[in-house]
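Novice: Sequential numbering of the sequence shown, starting at 1, is according to UniProt numbering.
Honestly, the hints are just simulated from the structure, not real lab data. If you're wondering where the values come from, they're calculated on a predicted model, not measured in any experiment. Any given hint could be a false lead.
Stated by the list, open to error - For lysine-lysine, the following DSS-like pairs were computed, each having C-alpha atoms within a straight-line distance of at most 25 Å:
#1 Lys140 - Lys675
#2 Lys483 - Lys535
#3 Lys296 - Lys684
#4 Lys379 - Lys353
#5 Lys324 - Lys483
#6 Lys466 - Lys535
#7 Lys684 - Lys556
#8 Lys556 - Lys324
#9 Lys652 - Lys675
#10 Lys483 - Lys564
#11 Lys466 - Lys483
#12 Lys564 - Lys379
#13 Lys626 - Lys363
#14 Lys379 - Lys296
#15 Lys564 - Lys535
#16 Lys324 - Lys535
#17 Lys353 - Lys363
#18 Lys324 - Lys120
#19 Lys324 - Lys345
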Amino acid sequence: MTPLDNEFADDDLGDDLLLAALAQAEAGTSANPPPPRPPSRPPAVRPQPAVAGSKQTNLTSFITGRPAQQPNQRGQYGKPKTALSKPNAQQGVPLSYARAQYQSAVNTHNHHEVDKEAAKTWIYPTNCAVRDYQFNIVQKSLLVNTLVALPTGLGKTLIAAVVMYNFFRWFPEGKIIFMAPTKPLVAQQIEACFNVTGVPQDATIQLTGHTAPEARRQSWLSKRVFFLTPQVMQNDLNRGTCPARKVVLLVVDEAHRATGNHAYCEVVRELRQQNERFRILALTATPGADTKTVQKVIENLLISRIEIRTEESIDIRPYIHERKLEVITVALSETIISIRDAFYKILGHYSQKLVAAGAYYIKDPAHVSFFSLFQAREKWRQCNGSTLTPGRASTIEGDFGVAMSLAQSLQLLLQHGIRTFFASLQRYQDEAQKEGQRVSRARGALLRSEAFLELMQNLRNIMGDKEFVTHPKMEQLVGIVVKHFVDHEEEQRLEQSRLGTAAEKRETRVMIFSQYRESVEEIVETLNEHNPLVKVMSFVGQSAGKKAGSKGFSQKQQLEVIEKFQSGNYNVLVATSIGEEGLDIGEVDLIVCYDVQNSPIRMLQRMGRTGRKRQGRVALLLTQGKEEDAHRKSQATYRAVQNAIVSQQGKKLAMYPEVMGRMLPVGVSPVCVRKELEIPLYEKRGKGGRASVGGK
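Let's have the full structure, built from the sequences with the hints guiding it.
Specialist: Here is the structure:
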């Protein structure tokens, strides 16, 4: 049996004075203890220099205790407030200030009931092969608010399930919550966690916004483990139906989203106001696009420790299969170049008007981008928008709106192709027709202009040609996908001729990513020409399209598509960003990225869809120029962020002191017991919680 590391048990209260104070607080006594001997060393205070370019941050909260919250006659829980300070920006952490913070923490009575017998041990299941890195991360996450950053497919769910199981044992009255950003993710995680530890289904429930308020209230009273989206959690906290004081563990999936006013952040803020003590376990493939973003995630989720592994980490290398990366760069066709040059004249008209008005700074349409226009508009609104006449301000606003729409369409032409470009312009026309008299003067003038009308007719003529190719990428994509399946069939044939009936029949699957709905539809239409070798299906979000009859997939439909993909009904899935995050898509041998994301998080998520259980391959299709540059920048940013976290965590990122999240009484250091758990068959639940289908 392995005890929890002392570093994570009592080390943060190493001063005997603080230990005595905490013991007294946990016992609920007020007697004065005998004078302790002089401390042998000061409490462990981690230096907390700030992220480069910002002031130093000491992330500590003043915490005061009070009697446990009781439900009112309606069974609802009010919203008592705890005196919690916001992070202080300062240039150092004085020892006296740190001691005051620690003293505030230890004087707070832990209101959660602890099963002291169960808390003597923590259970690690041996039903699955024990991986050292998972074991070590679980061991630390039990006692410290931890951000776990693991490459996709390396078992973040197992880590969460084991931590949840032990909190279920330790805190018999506590509420355990698993938050995921979408309902399909929530639905998958509830079964995945059950299959790791077998937490009783009768104590577990999935809550959705469609659940009646009274049923949700009853569930909060009777259940102990909750799987839900942060929006549902936020609503129930605000209504007082969630007993916030009883929450002992909050698991946050896809935790890199926890920035700004995302619902994740609001949930944690509200919980902090009502509950002094609860553990947070945050899960992600990579915590942020840059160190400033990572720092925000740390602040918003009260993180005291980051457990990060990259594909180069020694302890995960045995579990990573080779992932071959192939970068394919294509040049624009002469047809696209001619369309681009004609479009430059239209876009340039608006960029030059904005420059002349002093609202923008780039005349050359070749260098205009949506992002630079967006930034310039925000700056113009702050500095000049209120000083102009309403008519003049409206004109500039209209020019910005048109220029931004045109810049987006230009990106579609260069990175996705002519048909997707045309669809975006056609949608722009359709939206203007629906708006009627409300359409801006700038947009109306554009749509009536001779240059725009000539461009649209030229595009129709080009697309009507039998030899029409939307983009050189499409030819590359079709060649890559068709060759993959032809090669696979040949490998299977040779295997069968060599081994006969003993040959193992292995299926292969491909996943293609493209950011835009129109592009996804075009890829599906093109690959359908190669059926039955290629059996393709789109996979898009609920609000992916604005065209009539194009509302995207409901979350139920998304899960149905995944099931059909896993069962072999389809062998190619073409997805927007909905396919990047979290969902268990199944084993994929080839990933094709039809476009490249500036965000290193999204690129990492895409690539992580292959190489999970066997060797995989990733093909990136890039257009020469801006898209090439964006890919290089994304890769450099990712490496810089990972390095900042791995090698300089203590220097560049400010953490909450580990004592602030302490849950177990002083002197309790659980010992690990490795055992095989008895896990019953999972029963999928229908409406009303009834068992409907046998589980896996």
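Novice: Could you run down the list of hints and mark each one as holding or not?
Specialist: Status of the hints after comparison with the structure:
Between the alpha carbons of lysine 140 and lysine 675 the distance comes to roughly 19 Å, so the proposed pair stays at or under 25 Å and holds. Between lysine 483 and lysine 535 the alpha-carbon distance is near 14 Å, which keeps this suggested pair within the 25 Å criterion. The suggested pairing of lysine 296 with lysine 684 is violated, with an alpha-carbon distance near 37 Å, which exceeds 25 Å. A hinted pair counts as satisfied when its Cα atoms are at most 25 Å apart, and lysine 379 with lysine 353 qualifies at roughly 17 Å.
With a C-alpha separation of about 16 Å, the suggested pairing of lysine 324 with lysine 483 holds against the 25 Å cut-off. Between lysine 466 and lysine 535, the direct Cα distance comes to roughly 24 Å. Compliance with the 25 Å bound is thereby established for this hinted pair. Under the criterion of a C-alpha separation no larger than 25 Å, the hint pairing lysine 684 with lysine 556 is consistent with the structure, at around 14 Å. Restraint check for lysine 556 and lysine 324: not satisfied, since their Cα atoms lie roughly 33 Å apart, outside the 25 Å limit.
This hinted pair does not check out: lysine 652 and lysine 675 have alpha carbons roughly 39 Å apart, beyond 25 Å. Between lysine 483 and lysine 564 the CA atoms are separated by roughly 23 Å; this keeps the pair inside 25 Å, and the hint holds. For a cut-off of 25 Å, the pair hint linking lysine 466 to lysine 483 stands: about 24 Å separates their Cα positions. Note on lysine 564 and lysine 379: the hinted pairing is violated, with a Cα-Cα distance of about 48 Å set against a maximum of 25 Å.
Taking the CA atoms of lysine 626 and lysine 363, the gap is near 18 Å; set against the 25 Å cutoff, the hint holds. Taking the CA atoms of lysine 379 and lysine 296, the gap is about 24 Å. The hint holds against a cut of 25 Å. Taking the CA atoms of lysine 564 and lysine 535, the gap is near 11 Å; set against the 25 Å cutoff, the hint holds. Straight-line distance between C-alpha atoms of lysine 324 and lysine 535 comes to about 24 Å, which keeps the hinted pair within the 25 Å bound.
Straight-line distance between C-alpha atoms of lysine 353 and lysine 363 comes to about 9 Å, which keeps the hinted pair within the 25 Å bound. Note on lysine 324 and lysine 120: the hinted pairing is violated, with a Cα-Cα distance of about 46 Å set against a maximum of 25 Å. In summary, the hint linking lysine 324 to lysine 345 is not supported, as the alpha carbons are separated by about 42 Å, beyond the 25 Å threshold.
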